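Asks: Next come the chains, spelled out residue by residue.
Number of protein chains: 2
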Amino acid sequence: MTLNVFVVGCGAVGTMCAYALQESGKATVTALLRSNYNLVHESGLHIRSIDHGEIHNWRPHNIVKSTEEAKAFGPFDYVLVALKNLPDVYSIADIIAPAVVPKHTTIVLVQNGIDIEAPINAAFPDNTLLSGVSTIGAELDGREVLHNDPDLVYVGVWHDSNGRGKTACRELAAVYSSGAASCEVIEDVQWYRWRKLVWNASFNSVCALLNLDSGTVQDAANSLDTLIRPAMREVVAVAAAAGCTLPPDVIESAVSSMPKEMRCRPSMQVDALRGRPMEVEAVLGNAIVVARKYNVAVPVLDTLCSLLRAKQWAILKKV
Amino acid sequence: MTLNVFVVGCGAVGTMCAYALQESGKATVTALLRSNYNLVHESGLHIRSIDHGEIHNWRPHNIVKSTEEAKAFGPFDYVLVALKNLPDVYSIADIIAPAVVPKHTTIVLVQNGIDIEAPINAAFPDNTLLSGVSTIGAELDGREVLHNDPDLVYVGVWHDSNGRGKTACRELAAVYSSGAASCEVIEDVQWYRWRKLVWNASFNSVCALLNLDSGTVQDAANSLDTLIRPAMREVVAVAAAAGCTLPPDVIESAVSSMPKEMRCRPSMQVDALRGRPMEVEAVLGNAIVVARKYNVAVPVLDTLCSLLRAKQWAILKKV
Chain A
1 MTLNVFVVGC GAVGTMCAYA LQESGKATVT ALLRSNYNLV HESGLHIRSI DHGEIHNWRP
61 HNIVKSTEEA KAFGPFDYVL VALKNLPDVY SIADIIAPAV VPKHTTIVLV QNGIDIEAPI
121 NAAFPDNTLL SGVSTIGAEL DGREVLHNDP DLVYVGVWHD SNGRGKTACR ELAAVYSSGA
181 ASCEVIEDVQ WYRWRKLVWN ASFNSVCALL NLDSGTVQDA ANSLDTLIRP AMREVVAVAA
241 AAGCTLPPDV IESAVSSMPK EMRCRPSMQV DALRGRPMEV EAVLGNAIVV ARKYNVAVPV
301 LDTLCSLLRA KQWAILKKV
Chain B
1 MTLNVFVVGC GAVGTMCAYA LQESGKATVT ALLRSNYNLV HESGLHIRSI DHGEIHNWRP
61 HNIVKSTEEA KAFGPFDYVL VALKNLPDVY SIADIIAPAV VPKHTTIVLV QNGIDIEAPI
121 NAAFPDNTLL SGVSTIGAEL DGREVLHNDP DLVYVGVWHD SNGRGKTACR ELAAVYSSGA
181 ASCEVIEDVQ WYRWRKLVWN ASFNSVCALL NLDSGTVQDA ANSLDTLIRP AMREVVAVAA
241 AAGCTLPPDV IESAVSSMPK EMRCRPSMQV DALRGRPMEV EAVLGNAIVV ARKYNVAVPV
301 LDTLCSLLRA KQWAILKKV
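Protein chains in written order, with my numbering: chain A, 1 to 319; chain B, 1 to 319.
Please note that a few of the clues may not be correct.
Which copy is meant is left open, so a pair is good if it fits within one copy or across any two.
Derived PhoX-like pairs: lysine-lysine, alpha-carbon spacing no greater than 25 Å straight-line [unchecked claim]: (1) K26 - K71; (2) K26 - K65; (3) K196 - K317; (4) K71 - K260.
Just so you know, the hints here were simulated from the structure itself, not pulled from any lab data.
Owing to the predicted nature of the structure, the values given are computational and were not obtained by experimental measurement.
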């Protein structure tokens, strides 16, 4: 059996997902490309991967510029969304709608943030929805993908419309993991989302606001103690209020997970630097909504988010 | 009687102070110049002033590159400090020390911030110390001064060493105000400092962090309500705890004091943009010290200050 998969968004993460699925030999991959469609159409992708080695001129089976165009390659068993999560810029439900067959297509969100599932579930209540957390490290520049931290995706059921949720998870994970990449089926995907958010909500925000990489931020004044750890503690407190208990060492693990020497530029910093919209709402805004719901004070996240929203406004207005 | 005045720091504010004093005909002015010494030495200053009109090739009576050099023009009745307040970069006490005659020289601080007087008083306990708050609007670029908001300095006694504090205030104010500029003697200089800090701590910080002018910040997302006014409320609360009651309309007055259309770039934003150190400690750091003393929560100021300290670190390290 071959899975028919539509990968929406071929940034670094989406490309590596597409690659893992296609190279399994057990999936047909149609990929939606936007900014780099022409480059990939002409020359394919050049991937340097810690998992897969160096690959020249790689192409998904089919590449398309729009979901309408993708329909020719459907019906899809899976729509895997690896698009940047920008509810303040576009609607992911609208983008994927033409490719979603009610009661058939399983939707998989491999995106950052917290509580990103509800709007997709509301738009497609008759489809099984899986939620995925990627721990990959990868960057895309034109047609060049640098994949420098192993590809591991955690996937779990968020909404089961036909009793096949668990099976869909296992099926996808089996195909995804049949090569060098890994996909692990988990019970509590929100736990993984909150755990990842500990790093993302703190370092992404501070790095974007200061335009400093995560290593430099650790050196800058007393930022680890005055900004990063306080923001992380707030994320942990909100998670706990939402019923998700993170391990006691989660903050120090997060801090040490990205050694200074890596000088990592988080996605929000790169986006801000390139004048592109940042995932402010998925990463910070939604966490603050949860904080308000449970009456958890998040003064650091509040101020960081307000500053980032102003920065986002300037980016969108090209001020 | 002619006052012998040493003006330390001839940025826009210092230059206009020097001009007002010198053109009174009642003061001899020696000015310490740094970055623009050569330009002013060769060509003088070109001043376009809302108070004084257009002035070509103006020079202080004496210009010097160092306080040691200034001593030849002493002893000084007044040392007027209009230098940027950067305790994390240099010591103002060290800079002015050679020009201060114990028990004779009156020191006048015409600088931004709160609680900036104590270190100067500690260094010169036998000298009268006046504290001044300037409400001028002026910019310096090379030898060009654009003075576009009237020159009004409030001055009051901070430390009286010889019973002449009040007299020194009146004497200075009389000379300063004998032309088109104004200097007003006040009782409670801290009240004026806190009132000015309401605008400075909020707009300066946010504009510097986002590199947006004060008008644009008012348009950016919901910044007035999520950043500016919350920061202002914290300043008002700290001031109140310190015994300084600001008027009920101080926040709305501050917001409307600088109309959007002026697109004002506050000094911290200009400094950050030029890679020069910002007055983080005088404007925010010291206010936070007072907040801690009186146990006032200042979460917005805390986060803004921590971000600015990290930015300052990057500026000083030229990262």
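Asks: Taking the hints in turn, state whether each one holds.
Replies: Tested hints:
Taking CA atoms no more than 25 Å apart as the test, K26 paired with K71 passes inside one copy only; the shortest distance there is 20 Å, against 86 Å between copies. Proximity of K26 to K65 under the C-alpha cut-off of 25 Å is restricted to the intra-copy arrangement: shortest distance 24 Å within a copy versus 77 Å between copies. Taking the shortest alpha-carbon separations for K196 and K317, neither the intra-copy value of 30 Å nor the inter-copy value of 31 Å comes in at or below 25 Å. Within a single copy, K71 and K260 get their C-alpha atoms no closer than 45 Å, and across copies no closer than 50 Å, so neither meets the 25 Å cut-off.
In the structure shown, a violation is registered for the earlier hints numbered 3 and 4, in ascending order.
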